[in-house]
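Student: The hints should help you fit chain B onto chain A, whose structure is shown.
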Amino acid sequence: MPVLAIERWSRFADAPEAPVALVVEAAHGQLIHAVTPAAAERGAHPGMRLTDARALDPKLLAEPADPAGDAALLKRLARWAGRWSPLVEVDGEDGLRLDVSGVAHLFGGEEGLATDIRSRFGALGLTACTAIAPTAGAAWALARFSPRVVDKDVAKALAPLPVAALRLDARSIQILERLGLKTIGQLAKVPRKSLQRRFREADNPLNALDRALGLKDEPLTGERIELPPRVLAKLSEPATHPEAAGQALGRLVPGLARQLQDRKLGARRLHLAGYRVDGSVAGTGVATAIPTRDPKHLMRLLIDKATVLDPEFGFDAFALTASWCEPLGATQESLVDEPSGEAEVAKLVDRLSVKLGPQRVRRPQPIASHLPERANGWRLAVEERPSPQLSPASGRGSTRPQHLLDRPEAIAVVYATPEGLPRRFVWRRLVHDIAKAEGPERIAPEWWRERSTARLRDYYRVEDKDGRRYWIFREGLVGDGRGGAPEWYLHGLFG
Amino acid sequence: MAAGLTLVAGGESRAAEKRLLQRELGEPFRLPAPLQPTLSELFASSPRDGGWAGFLLPQLEAAKPLLWIQDRMAIRESGRVHPAGLPGIELIHVEARDGRDALWAMEEGLRCFGIGAVIGELYGDPVNLDFTATRRLAVAAERTQVPCWLVRLGGTANLSGARMRWRVGSMPSLPHPFDLKAPGTPAWEAELFRARGHAPGSWGIAHETDRFHLLAGTGDRALEPFRRRA
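First to last, the protein sequences are chains A and B. Be aware that the first sequence starts at 198, since it is given in the numbering used here, and climbs by one per residue. Be aware that the second sequence starts at 124, since it is given in the numbering used here, and climbs by one per residue.
Extracted from the complex, chain B is given alone in its bound form:
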């Protein structure tokens, strides 16, 4: 039946069709990943932007429990972790008093083999968060092979021992396949501004059915060398 169906486009739907053409999923994209589990730092574009969680969660493996540490200000400013929004993830949540406690808990979590990943969500620039602290986390993560994500809400990118540093912000989502007024697959602008073993770059990406995709038609910079190589 569907094969014989033709879409008769009115003015409205033609404009929508145009928009659809502008913003669609591009080719599959292999996200730059470290060679071994280590510390990655992720800067949210703003504390009121929760988009980074959607970018981060697909990169975790769900087989082992996830240790999610938030400091008090992070909970107040951008909300507490909501388990109903994280289906299939076994969660241990730690509410740290301040940055110092959060960093201690992260390091403690990284010493444990049974943890799948450690996420530390810190607000602003905690006093104790310096090069030494991040370097300690990176070394601990590499020793036990537990990936660690240090999420910074409204922080400044100072000197850090993190192997990969991302800056992630939300982008307007892809069109919903059935409802043009509804938000569709979320998209992010992800900038890798420091990485070991990878060229820095900035991409517009979305995650759909177990893989990341580039956004087509967003004028990304890193796509060019790929095309040339091909």
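The following block holds chain A by itself, in its conformation from the complex:
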């Protein structure tokens, strides 16, 4: 695909007709990576400096290139190209290499295959130059310099092509051209011995030539897709009773556990799919806090979920997939009878999360913030335990309440003096007389997060006549210019 970058760019561009060059930053200024046809007409070509191209045409527009995005697209295309061949390899920045041995007849011969590939890429809006040859090197050369299908007599087909078609680096090409060897045919005629001496082993044109002619092997390393562990249970007759899924699990879970064991994996997320007779699929899933392959535990997690799958016209197959796995080596429970606490707690968390919903089972996750309700973060207990970024403020224990209201509640207060502490307050329609108080602890608004009108908070620990202790705060100060009279809120309850 010679113009992949520019075609990808023009898909999202406003004016794909304009003379545009995609540029990359290089050591001595910007280099052109790809150009639109309009820009190419005016003399710009890839590899040129942007300033040189601008000298030819001052109206040339420059846009930053996105090589990483292009590579990602190419990788996706490689997986898509799996439709033609089981072995697909990404080749450089702009090529795909397919091993089509024994494949072509499915598409009506090699010509048919090449046409099919071109038309399907064309449907995606991408230009593809295809060539089929007995060797990978020859196919590379032909695809770039004279796209066609070559069945046999590779040497003859390659002979008129320039030496650059041999995938050599720029220095070697320069040397060969200085020697007057412009085409592959000329190179092939030179006695091997003299060439052997002149080049290093790594970039020897003889190697490239041998690979292109099939005298040397060049294996492909395809994009390998590791399939997640999956087990399938087919029923001989459609089952319409809701128990069916549970019974199928009895067969699926041990099978999956065995697969996980063989691949030294532990499941973090499982998906159970029930295939109905009418072609529809019912699915449910569970997640675990630590990788596991204990069939008893997995069974317990899944069984409740499985029985609520609606069979409708009946299930005729079930599939259990471990869609997210993590490596888990062989483990042994300690020899003494007591199971390890950590694993037990993780299992408990799994069960709670499955039944109540993962967002209801949480562990504290302190966040770097001064505002109590913001600092008091939570994370899902089934998630990976992160490295402790922030140790919970130690030594604060006695100055922080054990219970915090989700949202501070406004209280009506009776002041002794407007700046000072109230004498009594009304919270939820009951009067509390303040007997003792400690404070204030001033918490200023986080100016880097909040609007400029956010007011500071003065927290007081107060105790009422009955000894109940609360954490109340005054939001703002008298005359701070951020609103009217300060308001009071109750935020926490002390134990």
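Among the clues, some could well be false.
Stated by the list, open to error - Keeping only pairs whose Cα atoms sit at most 27 Å apart, straight-line, the calculated DSSO-like set for lysine-lysine is:
#1 A:552 / B:187
#2 A:431 / A:353
#3 B:304 / A:493
#4 A:552 / A:493
#5 A:662 / B:304
#6 A:413 / A:461
Claimed, not checked - Quick list of the computed label-pair ranges, beta carbon to beta carbon:
#7 A:609 / B:321: 39 to 47 Å
#8 A:625 / B:151: 44 to 52 Å
#9 B:331 / A:520: 23 to 31 Å
#10 A:424 / B:258: 46 to 54 Å
#11 B:325 / A:649: 51 to 59 Å
#12 B:331 / A:677: 37 to 45 Å
#13 A:427 / B:184: 39 to 47 Å
#14 B:184 / A:565: 23 to 31 Å
#15 A:625 / B:181: 25 to 33 Å
#16 A:625 / B:281: 44 to 52 Å
#17 A:606 / B:331: 28 to 36 Å
#18 B:325 / A:678: 48 to 56 Å
#19 A:480 / B:331: 54 to 62 Å
What the hints assert, rightly or not - To give an idea of the chain B side of the interface with chain A (calculated C-beta under 8 Å), a few residues:
#20 174
#21 183
#22 205
#23 207
#24 217
#25 259
#26 263
To be clear, the hints were calculated from the coordinates, so they are not data collected in a lab. Cβ coordinates follow ideal geometry from the N, Cα and C atoms, glycine included.
Tutor: Positioned in the frame of chain A, the structure of chain B alone reads:
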């Protein structure tokens, strides 16, 4: 230096001194505890009184994670657990939809050896909370030796399978040693109104430096037999 210092008491500080004498820590007190970890029920004197947490937390051991279950109403009425107020405790918090879910989660937690203690905070009188449910919790707690606390906010003390039943309310705190206007060591009025293997009683207690103390001069009833025995 400090040895030579004498306090010259003015009127104000003499009154304060008097108050100090009235309310001070008494002798160390061994809280009635069950023979083995089991279910204890704790009634807060009111949902707006968070004092029970201070009474409960010193009784837990912090080596293992704590499973703290609150139902939705408990969170709304008396606040969500605030980890910053519980230093050194590894917490797993469960927000249960209602009493039924909370009881299920408690029982599930009690089946796990890795949990240090289970606290279930329920508001009012959930429908499912009956003798059978509490009895199940008690049996589960005794089987795995995980202490379980069922905290009732604004509930009525019906028939229950709990081995110990407490009623805990806040009392005015002890004077702060350095600031007479500030709240000091918290104190509670704890009433044990049903217990297996213990005489019921009511005590005014405070917790300071790893142990519970009786409050001196509060006219407690249970202190008398101790004195007599001594």
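Student: What hints, given by number in increasing order, does this structure fail?
Tutor: 2, 3, 6, 8, 9, 16, 21, 25, 26
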